[in-house]
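Asks: Take a look at the letters that make up each chain.
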Amino acid sequence: MEEKVSLLVVENVSKSFGGNRVLKGVSFSLGEGEIIGIVGPNGSGKTTLLNILSGTVRQDEGGVFFKGKRVDHLSPHRRAKMGIGRTFQITRLFTNLTVLENVLIPLHYGSPGPSGKKAEEILDMVGLLRMKDLKAGSLSLAQRKRLELARALSLNPKLLLLDEVFAGLNPVSIREILDLLRRIHSETGVAMVLVEHVLKALFQITRRVIVLSEGRIIYEGKPEGMAKNQEVIKAYLGERYGAFRGKGP
Amino acid sequence: MGKYDLLVLGGLLALALLPPFLTDYLERVVTSALLLASLALAQNVLLGYTGYPAFGSVAFFGIGGYATAVLMRDLSLPFPVALFGGTVLSGVLALLIAPPVMRLRSHYFAITTLALQLALGELVANLEITGGAQGINLPIYRGPGGYLLFYYLFWALTLISFLINAYVDRSTFGYALKAIREDEVAAETLGVNTVLFKTLSFTLTALITGCAGGIYAYWITYIDPTSMFDPVLSVKMFVALLVGGVGTVSGPLLGAFLLEVISETLWGQFPKVHGLILGLLIVLIVLIIPRGIWRKR
Numbered sequence: 000m001e002e003k004v005s006l007l008v009v010e011n012v013s014k015s016f017g018g019n020r021v022l023k024g025v026s027f028s029l030g031e032g033e034i035i036g037i038v039g040p041n042g043s044g045k046t047t048l049l050n051i052l053s054g055t056v057r058q059d060e061g062g063v064f065f066k067g068k069r070v071d072h073l074s075p076h077r078r079a080k081m082g083i084g085r086t087f088q089i090t091r092l093f094t095n096l097t098v099l100e101n102v103l104i105p106l107h108y109g110s111p112g113p114s115g116k117k118a119e120e121i122l123d124m125v126g127l128l129r130m131k132d133l134k135a136g137s138l139s140l141a142q143r144k145r146l147e148l149a150r151a152l153s154l155n156p157k158l159l160l161l162d163e164v165f166a167g168l169n170p171v172s173i174r175e176i177l178d179l180l181r182r183i184h185s186e187t188g189v190a191m192v193l194v195e196h197v198l199k200a201l202f203q204i205t206r207r208v209i210v211l212s213e214g215r216i217i218y219e220g221k222p223e224g225m226a227k228n229q230e231v232i233k234a235y236l237g238e239r240y241g242a243f244r245g246k247g248p
Numbered sequence: 000m001g002k003y004d005l006l007v008l009g010g011l012l013a014l015a016l017l018p019p020f021l022t023d024y025l026e027r028v029v030t031s032a033l034l035l036a037s038l039a040l041a042q043n044v045l046l047g048y049t050g051y052p053a054f055g056s057v058a059f060f061g062i063g064g065y066a067t068a069v070l071m072r073d074l075s076l077p078f079p080v081a082l083f084g085g086t087v088l089s090g091v092l093a094l095l096i097a098p099p100v101m102r103l104r105s106h107y108f109a110i111t112t113l114a115l116q117l118a119l120g121e122l123v124a125n126l127e128i129t130g131g132a133q134g135i136n137l138p139i140y141r142g143p144g145g146y147l148l149f150y151y152l153f154w155a156l157t158l159i160s161f162l163i164n165a166y167v168d169r170s171t172f173g174y175a176l177k178a179i180r181e182d183e184v185a186a187e188t189l190g191v192n193t194v195l196f197k198t199l200s201f202t203l204t205a206l207i208t209g210c211a212g213g214i215y216a217y218w219i220t221y222i223d224p225t226s227m228f229d230p231v232l233s234v235k236m237f238v239a240l241l242v243g244g245v246g247t248v249s250g251p252l253l254g255a256f257l258l259e260v261i262s263e264t265l266w267g268q269f270p271k272v273h274g275l276i277l278g279l280l281i282v283l284i285v286l287i288i289p290r291g292i293w294r295k296r
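Protein chains in written order, with numbering that gives the first Met the number 0: chain U, 0 to 248; chain L, 0 to 296.
Think of the hints as simulated: they come from the structure by calculation, not from any bench.
Fair warning: this is a prediction, and the values are worked out from it, not measured in the lab.
By construction, the Cβ of each residue, glycine as well, lies at the ideal position given by its N, Cα and C atoms.
One should not assume that every hint holds.
SDA-like mimics (lysine to any residue), calculated; alpha carbons at most 20 Å apart, straight line [said to hold, decoys possible]:
1. Lys134(U) x Arg169(L)
2. Lys117(U) x Ser170(L)
3. Lys80(U) x Arg294(L)
4. Lys134(U) x Asn192(L)
5. Lys80(U) x Leu11(L)
6. Lys134(U) x Ser170(L)
7. Lys134(U) x Leu195(L)
8. Lys80(U) x Arg290(L)
9. Lys117(U) x Thr171(L)
10. Lys116(U) x Glu183(L)
11. Lys233(U) x Pro222(U)
12. Lys116(U) x Thr171(L)
13. Lys131(U) x Glu120(U)
14. Lys134(U) x Met0(L)
15. Lys134(U) x Thr171(L)
16. Lys117(U) x Arg169(L)
17. Lys80(U) x Asn192(L)
18. Lys134(U) x Arg294(L)
19. Lys80(U) x Phe172(L)
Derived DEER-like restraints, expressed as beta-carbon distance ranges [to be verified]:
20. Arg102(L) x Arg182(U): 50 to 58 Å
21. Arg77(U) x Asp23(L): 29 to 37 Å
22. Ile288(L) x Arg20(U): 38 to 46 Å
23. Val184(L) x Arg20(U): 17 to 25 Å
24. Arg20(U) x Leu5(L): 53 to 61 Å
25. Arg27(L) x Leu128(U): 49 to 57 Å
26. Ile288(L) x Gly136(U): 16 to 24 Å
27. Leu103(L) x Ser15(U): 20 to 28 Å
28. Arg182(U) x Leu5(L): 39 to 47 Å
29. Ala13(L) x Gly115(U): 33 to 41 Å
30. Gly136(U) x Arg169(L): 18 to 26 Å
31. Ile288(L) x Arg215(U): 37 to 45 Å
32. Arg102(L) x Glu60(U): 51 to 59 Å
33. His106(L) x Arg77(U): 25 to 33 Å
Here are some of the chain L residues that sit facing chain U, going by a computed Cβ distance under 8 Å [stated by the list, open to error]:
34. Glu121
35. Ala124
36. Asn125
37. Glu187
38. Thr188
Isolated chain U, as found in the complex (with noise of 0.2 Å):
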């Protein structure tokens, strides 16, 4: 019988800045197209797990391998070509430059093939194609998540690692941005790591959870599990949450 092999494979990871350890031997892995969440209290390292996978932190101890290859060693661009794309929490558009260019410097750079076409397909795609010449500066917060989106799919990757992709929208766009991730799932096949903490959003789009406290993995497995988990509910969800279960996250 043939083996399938995890599209990402997070091996024993930990990472300290000065002192404070922030992974403590974190391992996980990811099939190709899987969806997967990564929750847990501020501070609990689940950005710094992001930047780990895409590249622009060094961990201390542990391995990251994508497609079966060893990529910790290797700079972000480098990842971004092998098809690892991501978002930031904060979002970091080139606001002085255009939609249209934001995505098309990732086209160019990040991902083989022509480019001109592909920019405004990705941006119909995400809803903004009629934006194209405005400044990335200019546009709205759910805007700029899109605009984000699309960088990240211009790269044509095989990984989208987003981080908190949800943070700061009202529910109509959560709602918006939920259906984009669906269709970019259905039509691409990409696989995903969300960091969220907007919970009621993540679980309608994901069946796999990983709970981050302290560093280090507390639970992982089905979203409706977290809630029976008592090391989750201490650590995350916290005790009044524990006495409401029964009505789910």
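Dock chain L against chain U, hints included.
Replies: Chain L alone, transformed into the frame defined by chain U:
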């Protein structure tokens, strides 16, 4: 290149026809303006498009000037060959120091390049091959055209620098530099090899600046550490860039000419206080049009 940039390019090309109508004094003023324009345009690639302020890029002006002078004096090389050597040496030096220096950002980078300029100035002042503090005398150019040669050399260098800026402004190479300027971390995660492009940008700036230094050395026929590693030249270059418009194709060129014209006029009219008036004017211009005259149009 926009239509206004094309107009400026037309004006720059027309400068080639100007010398027969210029007095010796005006010819020197325009030559100085062209020198400043080439330096400002060189700096624009690094600061305007890549977002790295090299306060001490005049170090490459000194390297280019000294290398040209030493090659002419010690190896008796003809000026064009020595100038080529000086330019290449500036570029190679930039290529070597860029990877560590360009890990720094913002004011840390600016101060490091300034330190490089001062350190190289001290080094040159203490080396025998560079003539120490006494400097180097170069032969006076007595070929066809006389000093007009330097007018045309600086004109050609400014034209090349202008075209490089125009290319950077619209090319995929320029997109990579702009991405670095806007957000280096984001650029890297979107596939831009930031170390490579920062190194190329730094080297390009050093090549133009070094070439300007080589031409300048032969123009004034005598160089010493004070004149070739002069911090005032850095300041003038940045002022020209700010007045003209950072990150624009034509702004640095216009800023350099405006600064040179105002400076010369004030020097002629108010010889004792021209520096004070010039300083006040620069402050006023920066306050009124902080993004430069070219962005204000």
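Asks: State for each hint whether it applies.
Replies: Consistency of the hints with the structure:
About 16 Å separates the Cα atoms of Lys134(U) and Arg169(L), which keeps this hinted pair within 20 Å; it holds. Annotation: proposed proximity of Lys117(U) to Ser170(L) holds, straight-line Cα distance about 18 Å (limit 20 Å). Using a Cα cut-off of 20 Å, the hinted pair Lys80(U) and Arg294(L) is violated, with the two alpha carbons roughly 36 Å apart. A distance of roughly 24 Å separates the Cα atoms of Lys134(U) and Asn192(L); the hinted pair therefore is violated under the 20 Å criterion.
At roughly 42 Å between alpha-carbon atoms, Lys80(U) and Leu11(L) are farther apart than 20 Å, so this suggested pair is violated. Our distance criterion of 20 Å between C-alpha atoms is met by Lys134(U) and Ser170(L), whose separation comes to about 18 Å. Using a Cα cut-off of 20 Å, the hinted pair Lys134(U) and Leu195(L) is violated, with the two alpha carbons roughly 27 Å apart. For the given pair, Lys80(U) sits about 36 Å from Arg290(L) by alpha-carbon distance, which is inconsistent with the 20 Å threshold.
Our distance criterion of 20 Å between C-alpha atoms is met by Lys117(U) and Thr171(L), whose separation comes to about 16 Å. Restraint check for Lys116(U) and Glu183(L): not satisfied, since their Cα atoms lie roughly 26 Å apart, outside the 20 Å limit. A distance of roughly 16 Å separates the Cα atoms of Lys233(U) and Pro222(U); the hinted pair therefore holds under the 20 Å criterion. Only pairs whose Cα atoms come within 20 Å are accepted, and Lys116(U) paired with Thr171(L) is accepted, the gap being roughly 16 Å.
With a C-alpha separation of about 11 Å, the suggested pair Lys131(U) and Glu120(U) falls inside the 20 Å cut-off, and the hint holds. For the proposed pair Lys134(U) and Met0(L), the alpha carbon gap of about 19 Å is at most 20 Å, so the pair holds. This hinted pair checks out: Lys134(U) and Thr171(L) have alpha carbons roughly 18 Å apart, not beyond 20 Å. The suggested pairing of Lys117(U) with Arg169(L) holds, with an alpha-carbon distance near 19 Å, which does not exceed 20 Å.
Note on Lys80(U) and Asn192(L): the hinted pairing holds, with a Cα-Cα distance of about 10 Å set against a maximum of 20 Å. With a CA separation close to 16 Å, the supplied pair Lys134(U) and Arg294(L) stays within the 20 Å bound. Distance check on the hinted pair: Lys80(U) and Phe172(L) sit about 17 Å apart at the alpha-carbon level, within 20 Å; holds. The given range of 50 to 58 Å is broken by Arg102(L) and Arg182(U), whose C-beta atoms sit roughly 40 Å from each other.
In this structure the supplied range 29 to 37 Å is violated for Arg77(U) paired with Asp23(L), their Cβ-Cβ distance being about 57 Å. In this structure the supplied range 38 to 46 Å is violated for Ile288(L) paired with Arg20(U), their Cβ-Cβ distance being about 51 Å. Judged by the Cβ atoms, the range 17 to 25 Å given for Val184(L) and Arg20(U) holds: they are separated by roughly 23 Å. Checked against the hint of 53 to 61 Å, the pair Arg20(U) and Leu5(L) passes, with Cβ atoms roughly 59 Å apart.
The hint said 49 to 57 Å for the Cβ distance between Arg27(L) and Leu128(U), and at roughly 55 Å that hint holds. In this structure the hint that Ile288(L) and Gly136(U) lie 16 to 24 Å apart at CB holds, the actual value being about 20 Å. With their beta carbons about 24 Å apart, Leu103(L) and Ser15(U) fall inside the hinted range of 20 to 28 Å. Checked against the hint of 39 to 47 Å, the pair Arg182(U) and Leu5(L) passes, with Cβ atoms roughly 44 Å apart.
Between Ala13(L) and Gly115(U) the Cβ separation comes to about 36 Å, which falls inside the hinted range of 33 to 41 Å. Between Gly136(U) and Arg169(L) the beta carbons are some 20 Å apart, a value that agrees with the proposed interval 18 to 26 Å. Distance hint for Ile288(L) and Arg215(U): a CB-CB separation of about 56 Å, inconsistent with the stated range 37 to 45 Å. Under the hint 51 to 59 Å, the C-beta atoms of Arg102(L) and Glu60(U), about 24 Å apart, miss the expected range.
Distance hint for His106(L) and Arg77(U): a CB-CB separation of about 30 Å, consistent with the stated range 25 to 33 Å. With a cut of 8 Å, the hint placing Glu121(L) at the interface with chain U is violated, because the nearest CB-to-CB distance is about 36 Å. With a least beta-carbon distance of about 40 Å to chain U, the hint placing Ala124(L) at the interface is violated under the 8 Å criterion. Hint status for Asn125(L) relative to chain U: violated, with the closest Cβ pair at about 40 Å, above 8 Å.
Satisfaction of the interface hint for Glu187(L) is found here, the shortest Cβ-Cβ separation to chain U being roughly 4 Å, below the 8 Å cut-off. Nearest Cβ of chain U to the Cβ of Thr188(L): about 5 Å, under the 8 Å cut. The hint holds.
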